[in-house]
Structures are given as C-alpha cells and as structure tokens.
Amino acid sequence: MNNIFVYCEITEEGHVADVSLELLTKGRSLADELKIKLEAVVIGAKLNGIEKEIFPFGVDFIHTADDGKFFPFTTGSHARLLIKLFKEQKPEIVLFGASSIGRDIAPRIASALKCGLTADCTSLIIGDHEDKKLKKVYKNLLYQIRPAFGGNIIATIINPETRPQIATVREGVMKKEIKTENYKGKLVAIDLNNVFEDLDFAVQIIDRHIEKQKINIKNSQIIVSGGYGVGSIENFKLLFDLAELLGGEVGASRAAVDAGYAPHERQIGQTGVTVRPKLYIACGISGAVQHSAGMDESSKIISINTDPHAPINNIADYTINGSVDVVIPKMIKYYKENSK
Amino acid sequence: MSFKIIVLAKQVPDTRNVGKDAMKADGTVNRAALPAIYNPEDLNALEFALRVKDKVKDAEVIILTMGPFRAAEIIRESLYRGADKGFLLTDRKFAGSDTLATSYAISLAIKKLAPFHLVVAGRQAIDGDTAQVGPQTAEKLGIPQITYAEELVDVNEKEITIKRRLERGVETVKASFPIAVTVHGSAADCRPRNAKLLMKFKHAKTLTELQNETKDYTHLYNDRPYLNIDEWTVDDINADVDALGLSGSPTKVKTIQNVVFQSKDSKALGTSNDEINDLMKELLDSHIIG
Numbered sequence: 003m004n005n006i007f008v009y010c011e012i013t014e015e016g017h018v019a020d021v022s023l024e025l026l027t028k029g030r031s032l033a034d035e036l037k038i039k040l041e042a043v044v045i046g047a048k049l050n051g052i053e054k055e056i057f058p059f060g061v062d063f064i065h066t067a068d069d070g071k072f073f074p075f076t077t078g079s080h081a082r083l084l085i086k087l088f089k090e091q092k093p094e095i096v097l098f099g100a101s102s103i104g105r106d107i108a109p110r111i112a113s114a115l116k117c118g119l120t121a122d123c124t125s126l127i128i129g130d131h132e133d134k135k136l137k138k139v140y141k142n143l144l145y146q147i148r149p150a151f152g153g154n155i156i157a158t159i160i161n162p163e164t165r166p167q168i169a170t171v172r173e174g175v176m177k178k179e180i181k182t183e184n185y186k187g188k189l190v191a192i193d194l195n196n197v198f199e200d201l202d203f204a205v206q207i208i209d210r211h212i213e214k215q216k217i218n219i220k221n222s223q224i225i226v227s228g229g230y231g232v233g234s235i236e237n238f239k240l241l242f243d244l245a246e247l248l249g250g251e252v253g254a255s256r257a258a259v260d261a262g263y264a265p266h267e268r269q270i271g272q273t274g275v276t277v278r279p280k281l282y283i284a285c286g287i288s289g290a291v292q293h294s295a296g297m298d299e300s301s302k303i304i305s306i307n308t309d310p311h312a313p314i315n316n317i318a319d320y321t322i323n324g325s326v327d328v329v330i331p332k333m334i335k336y337y338k339e340n341s342k
Numbered sequence: 042m043s044f045k046i047i048v049l050a051k052q053v054p055d056t057r058n059v060g061k062d063a064m065k066a067d068g069t070v071n072r073a074a075l076p077a078i079y080n081p082e083d084l085n086a087l088e089f090a091l092r093v094k095d096k097v098k099d100a101e102v103i104i105l106t107m108g109p110f111r112a113a114e115i116i117r118e119s120l121y122r123g124a125d126k127g128f129l130l131t132d133r134k135f136a137g138s139d140t141l142a143t144s145y146a147i148s149l150a151i152k153k154l155a156p157f158h159l160v161v162a163g164r165q166a167i168d169g170d171t172a173q174v175g176p177q178t179a180e181k182l183g184i185p186q187i188t189y190a191e192e193l194v195d196v197n198e199k200e201i202t203i204k205r206r207l208e209r210g211v212e213t214v215k216a217s218f219p220i221a222v223t224v225h226g227s228a229a230d231c232r233p234r235n236a237k238l239l240m241k242f243k244h245a246k247t248l249t250e251l252q253n254e255t256k257d258y259t260h261l262y263n264d265r266p267y268l269n270i271d272e273w274t275v276d277d278i279n280a281d282v283d284a285l286g287l288s289g290s291p292t293k294v295k296t297i298q299n300v301v302f303q304s305k306d307s308k309a310l311g312t313s314n315d316e317i318n319d320l321m322k323e324l325l326d327s328h329i330i331g
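Residue numbers (my numbering), protein chains in the order written: chain A, 3 to 342; chain B, 42 to 331.
Derived by calculation from the structure, the hints in this document are not laboratory data.
Please note that a few of the clues may not be correct.
[What the hints assert, rightly or not] Partner residues aside, some chain B positions facing chain A, computed with beta carbon under 7 Å: (1) Gln-177; (2) Gln-186; (3) Lys-293.
By construction, the Cβ of each residue, glycine as well, lies at the ideal position given by its N, Cα and C atoms.
Modelling step: build the complete structure from the supplied sequences, incorporating the hints.
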C-alpha cells in the first residue's frame, strides 16, 4: 500500500524496455528516501522469467498479467487492468515511460483516478511544500520537474492533495543501475476474472511493422546543420551522431546538399525549409544570406568554423574557431559523460 | 442521423517562433512577442476530420475549443477550411485548469453535442506538450482511443482504419464508433482556406464579438444562423465549478524557472577541451540540451 509503482513496458523482443528499467532505478531511490516499497507492473504475453530482469533493480513486488491478448499493447485492456490495480493498491507514486505507450495510457489512468499527471519530467525529487494561503504544509511530495512553454521555462509541478502522483519520463533521462543481482521480491499474478468489458478490446490491430519516420527538421528543437566546410560525407556522419545524441535533427546548407553530403529534404534556407529551433549548431557553414534567412530566428546559434570572419559568426551567440572533426567529438564526449 | 465529427482545437502562443525577443531582460516570457496561432497538430486533426467527412455521407465537422474570447479566431479559421460549425467554451471559471480539469469541461461539452461518432484532436499542443487532454477526454467519455494517427487508411459509416505512428514503427488499427483519435504532426497538412468558404464565413462571430461592434447587426445574423459561433459557459455545460480551474486541478505549479537566453553578444571560443566543455555545461545547465 502507498508504494511506488512502475509500469514496465515489454519490447518486441520480449524484454523489459530500457526506459522502464531506468524508472525502476529512480523508483528504488525514491522509495528508499520515502521508506516505502517499490512495485512493478508487467502486462504482456509469454512473460515467463521476466521477473529475473526486474528484481535486480530492487523491486519488492511484481504484479503480472500474462496472456496472449495483452501483446502487442492495446490501450483498452492495459488501462482497465491498471485502473483496477491502482484503485486497490492506492500507490503513492506511479511512473510511466514517456514513450508512445506511456504517453498513450498514463493520461487515461490519471483521468479515471482523477489525479495529477506530469508528462516528460526531466527530474523527480522529493520535497516539502507550504501552501501559504491554506496555511498547510505538505511533506514528502514528488517534485515533477519538466520544461514547458516550448522549452522556454522549467516548471516544478506538485500534486498536494491527490494520489497517486503520476509522472512520465523519457528514455535516457534517468540512469539505469542494478541494485543487487539477487534482490528478493515477490511475484504476484493480477486477478483477471471479471475485469474486462468488450469495449476494452474494441481497437483491433491489423498490421505492425518497422517504418522510419519522414525527416522532420521543421519541428525539431535542436538542429545540427552542416555546410560545405564540413568537408566530407564522413565528417557529416559526426553531425548525425551529435544530433541523435541531443535528440535533434540534421540540417544542411545548399552548398552541402549540392556537394552530396546531405539530401535535399534537409536543406535549410531560402530554397529549403525555414527553422526556428531552440539551438542551431552551424558546422562549416559560411552563412550566406540565403541560408541565414532560413535559420536566423533560432534562439541560440553556435557556429563552428575555421574562418573567424565567416558571416554566420555575426548572428551566432557562440563562435568556435576550429574544425568540425575536432570540435564535435569533444561535444559528444562531454555530453555522454555529463548529461545524466 | 448525420455522422458527427467533433474536432478539439486549441489556440496557443507560438512557442516555436521563439526569437531573441521572446524573453524579457528579467527572464520572464514576453507573451506579446509570441503571436497566438492555431495549434499545429490540431490543424492536422482538422484535415483528418475533413478527410473522413469527404468519405462518409452526411458527415459534419464541428470545432470545439476552450479559451478566451479571441479563440473564436481559430473557429473561423476552421470554417474557412471546411468545418461546418464551431463552439467556444469560454468562462473565467475555466482559467487555471490543468489537463484533468480541461478534459472534464471538454467531455461535458462533447456530451452536450452527442450523439457523435468521432472525436479528433491534435496529439499535443505546443504550449504544454503534454499530449494528455485527448486520452483524458476519451476516458471521461468512456470511449476507446487511437493515438498518434498518421494516415486515414479507410472509413465508412461503421468503422475506421487508421495507421498510427509509433516510436519504432507504424501500426494499422481498426475500430468502430464512437472513438477518439489523436493526430500526429506527421499526418497530412491541413488544406488551405477555401475562397468560397472564406466569403461565406468571413463575418462568423460570437455573441461577445457582436456586442463589441459599433452597430447592431443582430438582424443579419438572425437571417444567417450559420454565422453564429456559439459561446458556452460553465452553466451551459452544467459543470461542477469545483472540478474546474485551479480548484479542479490536481497539479499545481510550485515554481517556474525561466530559461534565460543570453544577449546577442557573441562569445568567441577556441577548440580546447576546457572551452568546449564549458560551453556544453552551460547548454546543459540552461536546459537547452539534455
């Protein structure tokens, strides 16, 4: 009762998703701080042995529902089970991955339980809150910290009155760390009798397959963009590495597209797309007006260029006088070591 | 009975258009510098609804939005593009609602418009990026949901087939009505304004807007009822006031930290480890990355 629950997603390969393991790690440390237990919920098919992946993260209870109809994921059946479980167990905190599954199901749960939900948290901390109007002090609330307003503000959200406090967190935000290989917890099967209604299985899956999304630089908040000065297709790969790491997209100047470094759909500027990301990293781009017209409203611009007098430096917030193949690996290295 | 499609749309500050003047010197958001726009994914949702309308006999598309008086702008925009009617939920008592309180109000308005077949909304709004109101509304209506719709594969009076965009792939699903659908930004862009519809609905107005006119045009609106954009208050949807606004919102904002953009003065750096590391640290600390 009043414990921390983590909803564990099951991957195509039948394992617990990384994002869920990261949340178990976070859940364990929050549970220790609050001196409560950590519980996991796994709903899927052929879950035999799945507990071996979960207990080592310091999980005290695993609730499982194992049936062919629970995989692949459909909202209706999983939501019905979770709502029932949480009504019985009255968790203090529930964590979901901010994945296509977690962001689909968590709002339904919060809506049914009439409690607060905070999406895409970047940090979860325990803290107190004093409501000066009500002259009331709330102890040990979950501070749910997330960017809002297009990333222009960082908000700390709390749910003083309602339980559970529900949050979603993106993959890679929290650390994944095994607590003890032979941690001992209890495995409990969720009672599936008289739970479901026909409506819970109303959405029928006809087909699923892997298909890459179209390139979407226009809506990307972070763009790593390259020009002719990048020098080679190999160096351009560094841009892709950095963009992927930062959760951004790769853009290109016309010169880079003409040189065959990048396809046309990545072109930014007058003859390409116009972008206004939070961060624009211009690599080896001289910054002809045709290009800058398509990106000069970016919030923050970093220019990496061997030419200190490149026109793009005039609109950049930071200019790094150096070559792409030296600077980007250093950025990648620092980010990997310090981002969590 | 006609086939009723309700589109949930929101007017939002254009947070993507964050130029260098978007933040004031004291670090607060300069709202005046952010124009109010039609939430981008709600335009994808409108297009999705219009495509259903194109394929199903006797279908009508109704726009439902909640916001201040001026949110009537996006209802007009929807009418220009092919929607049939619009409702604006507007009341001071809605102010401060989080996603739970919002979905409560919206679900009551939808129930008032019932019976309906399809509720369509954008996946998320760019001012909050929560993607919560669609599923929360579906739960309150007690209907199934299909999130992240990318393509309308097929639809008839009985059922709908939709391709969904997931993280690592796509999924095609089929369901009968009523159902709620949230539409992903990778779905088809919204069709442009139609010149005839623009002429027809140019003067579509809410009662509040009419009252602000210097002349009394009421008789003209009585002759052309389609020009009336209905405003609904808390009383019109019989909502419990305690479940709305700040009191109906379980989530509270404890603190807000502004991500302060530095001035335009550019800093010149070399390529030493320290210089690059300091820059990355600054970007991480200010939450621009990470």
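Taking the hints in turn, this is what the structure says about them:
1. Gln-177: 4 Å, holds
2. Gln-186: 6 Å, holds
3. Lys-293: 5 Å, holds
Every hint, counting from the list given before, is met by this structure.
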